[in-house]
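Protein sequences, first through last, are from chains A and B.
Residue numbering for the first sequence follows numbering that gives the first Met the number 0, starting at 0 and increasing by one per position.
Residue numbering for the second sequence follows numbering that gives the first Met the number 0, starting at 0 and increasing by one per position.
Honestly, I wouldn't trust all of these hints.
Below are the EDC-like pairs computed for lysine to aspartate or glutamate, each with C-alpha atoms no more than 20 Å apart in a straight line [what the hints assert, rightly or not]: (1) K193(A) / E20(B); (2) K145(A) / E124(A); (3) K17(A) / E184(B); (4) K17(A) / E279(B); (5) K96(A) / E184(B); (6) K275(B) / E124(A); (7) K96(A) / E20(B).
It should be emphasised that the hints constitute simulated quantities derived from the structure, not laboratory data.
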Amino acid sequence: MATSQTGVKKFRVLPGFKLTLGFTLFYLGLIVLIPLAATFSKTASLTWAHFWQVVASPAALAAYRLSFGVSLLAALVNAVFGLIVAWVLVRYQFWGKRLMDALVDLPFALPTAVAGITLAALYSEHGWIGRWFGSTDAAGQFHGIKISYTWLGIFVALTFIGLPFIVRTLQPVLEDLDVDVEEAAATLGANRFKTFFRVILPMIFPALLTGFALAFARALGEYGSVVFISSNIPLKSQIVPVLIMTKLEQFDYAGATALAVVMLVISFLLLLAINVLQWWSTRHRERI
Amino acid sequence: MGPASAFHAFRRLGRLRPTGEPVWVRWILIAVALAFLALFLVVPLVLVFVEAFSKGIGLYFHTLADPLTLSAIKLTLIAAGISVPLNCIFGVAAAWAIAKFDFPGKNILTTLIDLPFAVSPVIGGMIYVLVFGAQGWFGPWLIGHNIRIIFAVPGIVLATTFVTFPFVARELIPLMQSQGRSEEEAARTLGARGWQTFWRVTLPNIKWGLLYGVILCNARAMGEFGAVSVVSGHIRGVTDTMPLHIQALYDDYNSAGAFAVASVLTFLALVTIALKAWVERKGAALAETREKISA
């Protein structure tokens, strides 16, 4: 096909380029880009002082700290257990493997509100799991570690929703892994432990990092499951999306938009990082 | 098949394993993985159904037959029924343009399509309030013409469309890119018309990928909570979808009722992952056949 750089008009065998690209751009603009632009234009109507007052308020700072801290912790826990789950699903044979493999997608398919009420019930003081973390005395007072309605509950919810990202990013990479390299390491005298940490882990690291970033990004924006399992107390247990929602419910659109812009910028940066990571991951695999 | 590849095939079957973990390590790893999955996936699943029937089967069906529940189910079906086909058409169009043609800015376009996944659902709902709400860009005009979008059904459809926007496109773009354009070009050279080429050549090749995207898109459309919550206004029986109805019941301390509605959505999620696993196998089989033919 002739290139447009030479000035020759392209001759396309396949039809529909203008129609499909035109519709794609129109629909993307209508549903995504124009409404997102509205957010930024709304922020532009705020004075710098007002914007700063909202995004650096004590409630906002506490919410960032909680959102970032717990999302990071949940993504880390998922990185460790997700790696084990992916490894086991790819390398070993055991009874119920196909069922478990399919179930990994449950957090993708289960509505977040359902996840929220379910986890809140499970980890409450009388819940199936929550009751094992303390005891209730004769007066009905609970002593021990409370999970639901504390930051630990938020951690549980964010771990749940982030679970499939690491497993699903790692699985294809582990399947493609060339066993020759492991054999070479074994032949050269490395034990299995050393082979894993010095040979396998470096090979799958970009994919692990991509999955981690995806889980982290998803956790930062999560609302549905957290709102049920957290007590949502300002300055204490309010994550950023809940804080934005509170402002919207009070019709404080300026405040909500200011916080949203901060979150949007962070999301865009994460999206960019994920794209770079994915590119690195494929190149890394091709090189090996 | 040469001796080297035969060796590889044998090793894949696990009969020759120069590299492998000791049995006790395997058992520990399998146990840890299963315990993690059981704790986070199986136990919550069981709890949904136990809680749903905790006040008896009578209350369960009473809740499901309640007019408010039925109207929530209807609204959920409307929202998914509009947003899924729209995003499906968009996905096919975007994948056709991106996979079959070369143009500048392709990577940026692909990244922009993914944007709704990176944005918090709450923000996804909020952006429509800023455009169509009373204080938004078109707010005064809409009020003047007595058109309601926010706190009404159109807003719910829009918010649902936003959060499910990339599902079909992101499934089809890599698939169609990997398939190239030679088959379509051959069809055209042999005299097929444009639409004929699409229906007879492209669609059979992408049908499993398309179905996969539609299944995921539908699951998210029916389950979306955050974005819809912002634009709904929570008018019971009018703007409550199933997930919002769950919240309303839960906030009324009607836990069994909330779990009854939740059990319907959970059942839907289980059907979704079963379908997904089935479609994945079909798609992999199709890809294998294509590889064999081209080889």
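Given the hint that K193(A) pairs with E20(B), test it: the Cα-Cα distance must not exceed 20 Å.
-> holds, 12 Å
Is K17(A) close enough to E279(B), meaning Cα to Cα at most 20 Å?
-> Roughly 32 Å separates the two Cα atoms, so the pair is violated.
Quickly compare the C-alpha distance for K145(A) and E124(A) to 20 Å and report which way the hint goes.
-> Distance ~7 Å between K145(A) and E124(A) Cα, so the pair holds.
Is the Cα-Cα distance between K96(A) and E184(B) 20 Å or less?
-> violated, 42 Å
If you draw a straight line from the CA of K96(A) to the CA of E20(B), is it 20 Å or shorter?
-> Satisfied, since the Cα-Cα distance of roughly 18 Å is no more than 20 Å.
K275(B) and E124(A): Cα distance at most 20 Å?
-> The hint is violated at about 36 Å.
Restraint check for K17(A) with E184(B), where alpha carbons must lie at most 20 Å apart | holds, 17 Å
In summary, the structure is inconsistent with hints 4, 5, 6 from the numbered list given earlier, while agreeing with the others.
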